[in-house]
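Student: Residue strings, one per chain:
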Amino acid sequence: MPEAERGPAEMGKVIPLDGGRAARPPEPEPLPSAEDATDWDRRLAGALAFLRRRVSGDYPIDDFGFDPDLTEHVLLPALRPLYNSWFRVETRGLDNVPDEGAALLVANHSGTIPVDALMTAVALLDHHPAARHLRLLAADLVFTLPVVAPLARKSGNTLACNADAERLLSDGELVGVFPEGFKGIGKPFSERYKLQRFGRGGFVSAALRTGTPIIPCSIVGAEEIYPMIGNVKSLARLLGVPYLPVTPTFPLLGLLGLVPLPSKWLIEFGEPIETASLGGPAAAEDPMLVFNLTDQVRETIQSTLYTLLLQRRSVFF
Amino acid sequence: MLVTGVSRHLGSRLVSVLADDARVERVIGVDTVPPRKELAAALGRTEFVRADIRNPLIAKVIAQAEVDTVVHLNVLATPGSAGGRTAMKEINVIGTMQLLAACQKAPSMRKLVVKSTTAVYGSTPRDPALFTEDVGPRSLPKSGYAKDAVEVEGYVRGFGRRRPDVTLSVLRFTNFIGPFIDTPLTRYLTLPVVPTVFGFDPRIQLCHEDDGIEVLRRAVAGDHPGIFNAGGTGVLLLSQALRRLGRLALPIPSPTVNAVARAFRRAKLVDFSPEQMRFLEHGRVADVSRLQASLGWAPRPTAQAFDTFAAAHSGARVVEAAAGAAEQRLLELLASGNSRVLGA
Numbered sequence: 001m002p003e004a005e006r007g008p009a010e011m012g013k014v015i016p017l018d019g020g021r022a023a024r025p026p027e028p029e030p031l032p033s034a035e036d037a038t039d040w041d042r043r044l045a046g047a048l049a050f051l052r053r054r055v056s057g058d059y060p061i062d063d064f065g066f067d068p069d070l071t072e073h074v075l076l077p078a079l080r081p082l083y084n085s086w087f088r089v090e091t092r093g094l095d096n097v098p099d100e101g102a103a104l105l106v107a108n109h110s111g112t113i114p115v116d117a118l119m120t121a122v123a124l125l126d127h128h129p130a131a132r133h134l135r136l137l138a139a140d141l142v143f144t145l146p147v148v149a150p151l152a153r154k155s156g157n158t159l160a161c162n163a164d165a166e167r168l169l170s171d172g173e174l175v176g177v178f179p180e181g182f183k184g185i186g187k188p189f190s191e192r193y194k195l196q197r198f199g200r201g202g203f204v205s206a207a208l209r210t211g212t213p214i215i216p217c218s219i220v221g222a223e224e225i226y227p228m229i230g231n232v233k234s235l236a237r238l239l240g241v242p243y244l245p246v247t248p249t250f251p252l253l254g255l256l257g258l259v260p261l262p263s264k265w266l267i268e269f270g271e272p273i274e275t276a277s278l279g280g281p282a283a284a285e286d287p288m289l290v291f292n293l294t295d296q297v298r299e300t301i302q303s304t305l306y307t308l309l310l311q312r313r314s315v316f317f
Numbered sequence: 318m319l320v321t322g323v324s325r326h327l328g329s330r331l332v333s334v335l336a337d338d339a340r341v342e343r344v345i346g347v348d349t350v351p352p353r354k355e356l357a358a359a360l361g362r363t364e365f366v367r368a369d370i371r372n373p374l375i376a377k378v379i380a381q382a383e384v385d386t387v388v389h390l391n392v393l394a395t396p397g398s399a400g401g402r403t404a405m406k407e408i409n410v411i412g413t414m415q416l417l418a419a420c421q422k423a424p425s426m427r428k429l430v431v432k433s434t435t436a437v438y439g440s441t442p443r444d445p446a447l448f449t450e451d452v453g454p455r456s457l458p459k460s461g462y463a464k465d466a467v468e469v470e471g472y473v474r475g476f477g478r479r480r481p482d483v484t485l486s487v488l489r490f491t492n493f494i495g496p497f498i499d500t501p502l503t504r505y506l507t508l509p510v511v512p513t514v515f516g517f518d519p520r521i522q523l524c525h526e527d528d529g530i531e532v533l534r535r536a537v538a539g540d541h542p543g544i545f546n547a548g549g550t551g552v553l554l555l556s557q558a559l560r561r562l563g564r565l566a567l568p569i570p571s572p573t574v575n576a577v578a579r580a581f582r583r584a585k586l587v588d589f590s591p592e593q594m595r596f597l598e599h600g601r602v603a604d605v606s607r608l609q610a611s612l613g614w615a616p617r618p619t620a621q622a623f624d625t626f627a628a629a630h631s632g633a634r635v636v637e638a639a640a641g642a643a644e645q646r647l648l649e650l651l652a653s654g655n656s657r658v659l660g661a
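Protein sequence lines correspond, in order, to chains A and B.
Mapped onto this note's numbering, the consecutive letters of the first sequence carry residue numbers 1 to 317.
Mapped onto this note's numbering, the consecutive letters of the second sequence carry residue numbers 318 to 661.
Don't take each hint at face value.
Unchecked claim - Residues of chain A placed beyond 10 angstroms of chain B at every Cβ, according to the derived structure:
no., residue
1, 56
2, 65
3, 252
Stated by the list, open to error - Ranges of calculated distance between the beta carbons of each label pair, as one might list FRET restraints:
no., chain 1, residue 1, chain 2, residue 2, range
4, B, 401, A, 171, 41 to 47 angstroms
5, B, 362, A, 280, 34 to 40 angstroms
6, A, 302, B, 443, 28 to 34 angstroms
7, A, 234, B, 580, 46 to 52 angstroms
Unchecked claim - Listing some non-contacts, in silico: residues in chain A with all C-beta distances to chain B over 10 angstroms:
no., residue
8, 102
9, 149
10, 163
11, 313
12, 316
Just so you know, these hints were derived from the structure itself, not from any lab.
Glycine is no exception: its CB is placed at the ideal position from the N, C-alpha and C atoms.
If we strip away everything but chain B, and leave its shape as in the complex, we get:
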């Protein structure tokens, strides 16, 4: 079994789960950089191969180890982690092409699991309330991660046509959330004052990091061919999420949003790309019933997943404390007023 992108959060956690599973004969982790120390400790018996999937070397690894299952997690969401948008696009698109080329040549291949994203649906005001897997997006994403993901899915489809004997699962994950994971969304939500788009309140759907691992594990262990939306049921509104976190929102007029996002990117606060800014206007929700039916298991609802994150970041609940104090004062005031009236 070969897993790409193991030096990052989800990848390293997935291989540590797989390494504990006795049914898995051998786990090979691939990434361009070795995993950080604290993550490396959890990898167990995983063999780490420092290789770039953009390089034909990956084919040798697959052929020599007679890999039967490939889990492709190495589609990056942020240019920062790759060292720029050009490198990110290369890793995402060229890397996938190389990996698929290697898989196609390997007679031992039985299963391919690809992590994609619901960002492939885009985010416009003309979208249906919930996206199903069969619905094409109203407008194809034109930039960044979402565009890469659309292209990656295209190549994966091509691979599926050429190797119909390989079980192919494409998992379109929603945004991840949880106490430990570090994504542009979690960084955004933990800003001291959170800038939002004035006059919009997007619906957001989340997947708990542990549930994401479990979905991947089940997809690897079982036989689930097809495309699946993966995430929690239900939604939170951005305003509601911020209230649960006790954060203050700072509404910014829509025309200046891109300039503000650029400033935040430059200040290395949040790595938000333009299509993610549109997500902050219109949101995006996917129908996850197909995944539930196929796996016989469901990730926890969005609100519950979010609450684990909120509990981990409960330090700065400014709003709640102030509101509690105000309510207390008001009640005392009224109680004294009431007793005066009744006593008179």
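Chain A on its own, in the form it takes in the complex:
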């Protein structure tokens, strides 16, 4: 498994499928140097090796259906332009995320479509020194949708349920969860940056049972990508989705309305909240402790959101 053995420095590096045309520096003269040619060859060999692996089915998949090979070489590179150029994401406190071992990342959810989840995953793989894969816990709706369901599994996500959360955490993975769920992501634009109820605190019990630290994560910018000014509830019920958004551009401009607004994003990873010393699995059976911890995480994220909003000069810059 060459993928697993690669050093952290090389981990986030793109091996472009077009043979590196895009990454080639502009040359004043048409003659490339010999060094450049070897670099070119190396990239090409990498791309061909990748294709060979894909065609022969020779790549590892974990029990959850996570395909690191595909994620690192195709799925995340596809999101990178959105991260770097469109939303110009800035991260803070990446050093609060441990280099190894389990941690539970808890974040606010917004933006009609879970782009915030994807951008957080890009941030951790590209910009964290240990290039960590974020394993997200997604709503069951995701796994009923054709095309979306296998992509979600291949990029390392699984169903938001206690069994899966605890299994991932026991395996030492970095798990991401959005406790607000549909209440957060599908809230009207007028309620932006107001945290909704944090579920039933299931994420806190999972952390307590496995003794993993909780990292509060605050995401600013996702609220403005698809400002939801209306919700066609009857049609949503008909289609079996929790909400059907109306934004200033959608459905007015048709497919063009699906282009997210280029808001400026800030993602802050807060200080970890230790849970190992709180009493282990027995503590998860104490509802008062679970509620208090849930509130503590929620308030940390809410106050960080307000601070970040003050720091952002405007919605788009």
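Start from chain A and add chain B according to the hints.
Tutor: Chain B alone, transformed into the frame defined by chain A:
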């Protein structure tokens, strides 16, 4: 020792292993049809009794031979092999009831090993990634083999309550794979073009046929009461499995899948039932750590088990050959291009 369902692949192979074991005093194989010639040769000293477990005759066999261990393998997965869904259900459910009734009356009984399936967990998008033995399914299977297996397990539980002195092992096997076994899954995978459900890529977990025999043998030889998931660790995605086989997939939109499956059933190509079609959408993976801990031995991982099957069916690797040729051409083209640029 009495083994049901010996005329089929797993049953006949298990009795031939048991017949070689000197500790086993006597092996009686039961089935409705005699085993095929090539299988019969391997049975050794097994005594074959042509009996229908739906018939009370089975009780006489058990009583007369003073059977102490019963291995129940006769839960059929496909209606085709039984002669229709009605007959299949009768063999599976009524047959099990008769067999358990006979076992309950037999004072010599010490151990009952039942082959079940992970299909009892169903297959929905709301399932946890791995099923453990204690997790109830989100929705009980409503048809076919899986429903039969759920009912069989129910009767076996009832038997366990009434005869607590009998050691009861229920083995929930994943799909079997291997170079020789013939199941709906192996037939499906060896179709010239493999129809898949558009937009889905299920995780599949497999158990090598030899490992299945070994699990059963160990369950018979040792003392392992309880319910166990039995299969290889790890998973393959269906798309990945097809690539390893060098097959082409033909994605079919979900609403038309049942019609296509019916057509395949009618053409006697693949005997896939509706709940197996759902399996092709969402897949199913079970946690096999309990079995490993209890047996002190583990079936080989899914990917390895699959590769033995792929090696046996390597004749038709169309995709790989074409890809290799394309890669070669591309490399030559680039090499000539490179030398031109550098030489200029």
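Student: If a hint holds in the structure, say so; if it does not, say that too.
Tutor: Results for each hint:
1. A cut-off of 10 angstroms between C-beta atoms contradicts the statement that residue 56 of chain A is not in contact with chain B; the least separation is 6 angstroms.
2. Residue-level check failed: residue 65 of chain A sits 5 angstroms from the nearest beta carbon of chain B, not beyond 10 angstroms.
3. Separation of residue 252 of chain A from chain B is adequate, the least Cβ-Cβ distance of about 28 angstroms exceeding the 10 angstroms criterion.
4. Evaluation of the 41 to 47 angstroms hint for residue 401 of chain B and residue 171 of chain A yields a pass: the beta carbon distance comes to about 46 angstroms.
5. For residue 362 of chain B paired with residue 280 of chain A, a C-beta distance near 56 angstroms fails the hint of 34 to 40 angstroms.
6. In this structure the supplied range 28 to 34 angstroms holds for residue 302 of chain A paired with residue 443 of chain B, their Cβ-Cβ distance being about 31 angstroms.
7. Range check, residue 234 of chain A to residue 580 of chain B: about 38 angstroms between beta-carbon atoms, so the 46 to 52 angstroms window is missed.
8. Remark: the non-interface label on residue 102 of chain A is consistent with the geometry, its nearest Cβ contact in chain B lying 16 angstroms away (cut-off 10 angstroms).
9. With 10 angstroms as the threshold on Cβ separation, the claim that residue 149 of chain A sits away from chain B is violated: the shortest Cβ distance comes to roughly 6 angstroms.
10. Remark: the non-interface label on residue 163 of chain A conflicts with the geometry, its nearest Cβ contact in chain B lying 4 angstroms away (cut-off 10 angstroms).
11. Under the 10 angstroms C-beta cut-off, the non-interface status given to residue 313 of chain A relative to chain B holds; the minimum distance is some 42 angstroms.
12. Listed as outside the interface, residue 316 of chain A is consistent with that label: its C-beta sits roughly 35 angstroms from the nearest C-beta of chain B, beyond the 10 angstroms cut-off.
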